[in-house]
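Undergrad: Here is what each chain is made of, one letter per residue.
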Amino acid sequence: MSPLPLAFLTAGEWSALRLSLQVAVCAATAGLPAAVLIGYWLARSRFPAKWLVDVAVNLPLVLPPVVTGYLLLVLFSPAGPIGGLLESWLGLRIVFTWLGAALAAGVVSFPLMVRAVRLALEQTDPRLESAARSLGAGPVAAFFTVTLPLARRGLVAGWMLAFARSLGEFGATIMVAGNIAGRTRTLPLAIFSLANRPGGVDRAWRLVALSIVLACAALAVSEILERRGRAKQA
Amino acid sequence: MCLLSMQCRHRYPGGFELDIRLDVDVRFSALFGPSGSGKTTILSMIAGLVRPQAGTIAVAGQTLVDTAAGRCLRPEERSVGFVFQESLLFPHMTVKANLRYGERWRRRKRRSVSFDRVVEVLEIGHLLGRYPHNLSGGERQRVALGRALLSGPELLLMDEPLAALDAALKARVLAYLERVVAEWDVPTLFVTHAQADVRRAADQVILVDKGRLLASGPPDEVLTRREPLSWTDAAGPVNLLRIERLEPCGDETHVRIGEQVLHLPARRPAGEAPHFVQFSPSDVVLSRRDIPDLSCRNHLVGRVRQVVRLDDSVFVAVDVGQILWAVVTPQSASDLGIENGCEVTCLMKVHALKFVG
Numbered sequence: 000m001s002p003l004p005l006a007f008l009t010a011g012e013w014s015a016l017r018l019s020l021q022v023a024v025c026a027a028t029a030g031l032p033a034a035v036l037i038g039y040w041l042a043r044s045r046f047p048a049k050w051l052v053d054v055a056v057n058l059p060l061v062l063p064p065v066v067t068g069y070l071l072l073v074l075f076s077p078a079g080p081i082g083g084l085l086e087s088w089l090g091l092r093i094v095f096t097w098l099g100a101a102l103a104a105g106v107v108s109f110p111l112m113v114r115a116v117r118l119a120l121e122q123t124d125p126r127l128e129s130a131a132r133s134l135g136a137g138p139v140a141a142f143f144t145v146t147l148p149l150a151r152r153g154l155v156a157g158w159m160l161a162f163a164r165s166l167g168e169f170g171a172t173i174m175v176a177g178n179i180a181g182r183t184r185t186l187p188l189a190i191f192s193l194a195n196r197p198g199g200v201d202r203a204w205r206l207v208a209l210s211i212v213l214a215c216a217a218l219a220v221s222e223i224l225e226r227r228g229r230a231k232q233a
Numbered sequence: 000m001c002l003l004s005m006q007c008r009h010r011y012p013g014g015f016e017l018d019i020r021l022d023v024d025v026r027f028s029a030l031f032g033p034s035g036s037g038k039t040t041i042l043s044m045i046a047g048l049v050r051p052q053a054g055t056i057a058v059a060g061q062t063l064v065d066t067a068a069g070r071c072l073r074p075e076e077r078s079v080g081f082v083f084q085e086s087l088l089f090p091h092m093t094v095k096a097n098l099r100y101g102e103r104w105r106r107r108k109r110r111s112v113s114f115d116r117v118v119e120v121l122e123i124g125h126l127l128g129r130y131p132h133n134l135s136g137g138e139r140q141r142v143a144l145g146r147a148l149l150s151g152p153e154l155l156l157m158d159e160p161l162a163a164l165d166a167a168l169k170a171r172v173l174a175y176l177e178r179v180v181a182e183w184d185v186p187t188l189f190v191t192h193a194q195a196d197v198r199r200a201a202d203q204v205i206l207v208d209k210g211r212l213l214a215s216g217p218p219d220e221v222l223t224r225r226e227p228l229s230w231t232d233a234a235g236p237v238n239l240l241r242i243e244r245l246e247p248c249g250d251e252t253h254v255r256i257g258e259q260v261l262h263l264p265a266r267r268p269a270g271e272a273p274h275f276v277q278f279s280p281s282d283v284v285l286s287r288r289d290i291p292d293l294s295c296r297n298h299l300v301g302r303v304r305q306v307v308r309l310d311d312s313v314f315v316a317v318d319v320g321q322i323l324w325a326v327v328t329p330q331s332a333s334d335l336g337i338e339n340g341c342e343v344t345c346l347m348k349v350h351a352l353k354f355v356g
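The listed protein sequences derive, respectively, from chains A and C.
Start counting the first sequence at 0; every next residue gets the next number (numbering that gives the first Met the number 0).
Start counting the second sequence at 0; every next residue gets the next number (numbering that gives the first Met the number 0).
This is chain A alone, in the form it adopts within the complex:
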């Protein structure tokens, strides 16, 4: 097995890497506003049936990713309720494109993001919002100028978690986006394809190593940000 020379990645390998990063960034970023809204509502609301929403949000965490992928495929295919509307109104096709991969990764990693955001918001004193409102700021202004900045470490942690999870997403991705080289073949899918071919072990190993490096990098960045945040508070 040769060591990993990054400069010697093939076109196919670069494509898989680029797609993975694109999908993961898109999935984590697109999910963030919704995660903040839902996380805020779960953290502050005293609605008695709140647990129902909690269960619904956490479902993708416990369902087999393939099942989640299947459900998304049914909804977003051109024949499905949402996919059909998107195609006729916006001419947009989600399934079997990188957008489908981003959707799959986003849905699967959403519960992780909500969890991190909710935790961060629960640790923010709600009375600070009252203080802001007593000074003349409206509820939205109070949220954006006081609550959100105070919870930003949790938001970043949530984004990093979602990003890392999206990098590794396989089951739902292959259902919704397929395994099309150059278009939807992310790193995990590329590894799967290579490992099934005769003589592809070497090249599969290179992508495996790359995946490990990416995951470690994501964790390292997360740790650095966490430490910097803690140091600033001290």
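Simulated from the structure, these hints should not be mistaken for laboratory data.
Check before you lean on any hint, since a few could be wrong.
[Unchecked claim] On the chain C side, residues computed to face chain A include the following (Cβ under 8 Å):
#1 A46
#2 F81
#3 F83
#4 H91
#5 G101
#6 R105
#7 Y175
For every residue, glycine included, the Cβ atom is placed at its ideal position computed from N, Cα and C.
With chain A's structure known, arrange chain C on it following the hints.
TA: Just chain C, lined up with the frame of chain A:
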């Protein structure tokens, strides 16, 4: 014009019911009562943080709440400033940014308050670049006060602003508060459960207990009622004698109370001169005649002005040049024949007396 007029009813799920009617028409008033009497709830209703189930609230002629008409202004729409017990400064902003926050959201029609003047009066100029977690308790309260002032309120509410501070700091922050009221003439309603705070600062005291108004009026009148006299701990009665000039004398300090001399502990001349002496009514021994050969250094002679008989104690107000209160058992009161107009000697140990700023 009535600065604050409130009439509200609210019942909590736990059973506590608030049924309050109060009017404030002086600059500096105190909402006083034991813990759990509903004081913070009243303040929260005025600020708009709690919506009463029924009632009306009006500040400076403007109706804030009228449940019958379906009107309930949101907190940001009310010209009411709030200083919280824990100051609640924004931890991610510097002191300067916290102060500017008050200014930033000030609606145009509110009174204008100069940033530099606030910083000057409250003496927080050297703190502007710091973050709240690097400030002491007293500094935090001063910044919180400045922040609330800069939002240009018509009424300033303070929820137990001195509760989290130690005795020495309390006096200093109260002094800043008095300065603020004098400078900007903002009507202020502050909540406290300590009689000492009320006696020092307030022009009007609103007495509440168990969610109801008991009395409203000048401190000397309201605090001599049965209820505040019967409360124990910090809400209970306390003697606060105003002092002018301190005369060091060996290992004591002497002070004039009317024509008589009060002996106090020696005081190191550090910091500002105190203005009050504080001691508890239970530290005063009454006698119908002066008794020599006692270790007690203070023998103040005076006439009884008021006697309040409670179930298990009798409070006696004696005029020794200023009014001081003593508490004795009913048996003692009857044995000594204590009644209005009779002359008594008040005996107090030097060690029972404390200087308060």
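Undergrad: Of the hints stated earlier, which fail here?
TA: Hint 7 alone not satisfied by this model.
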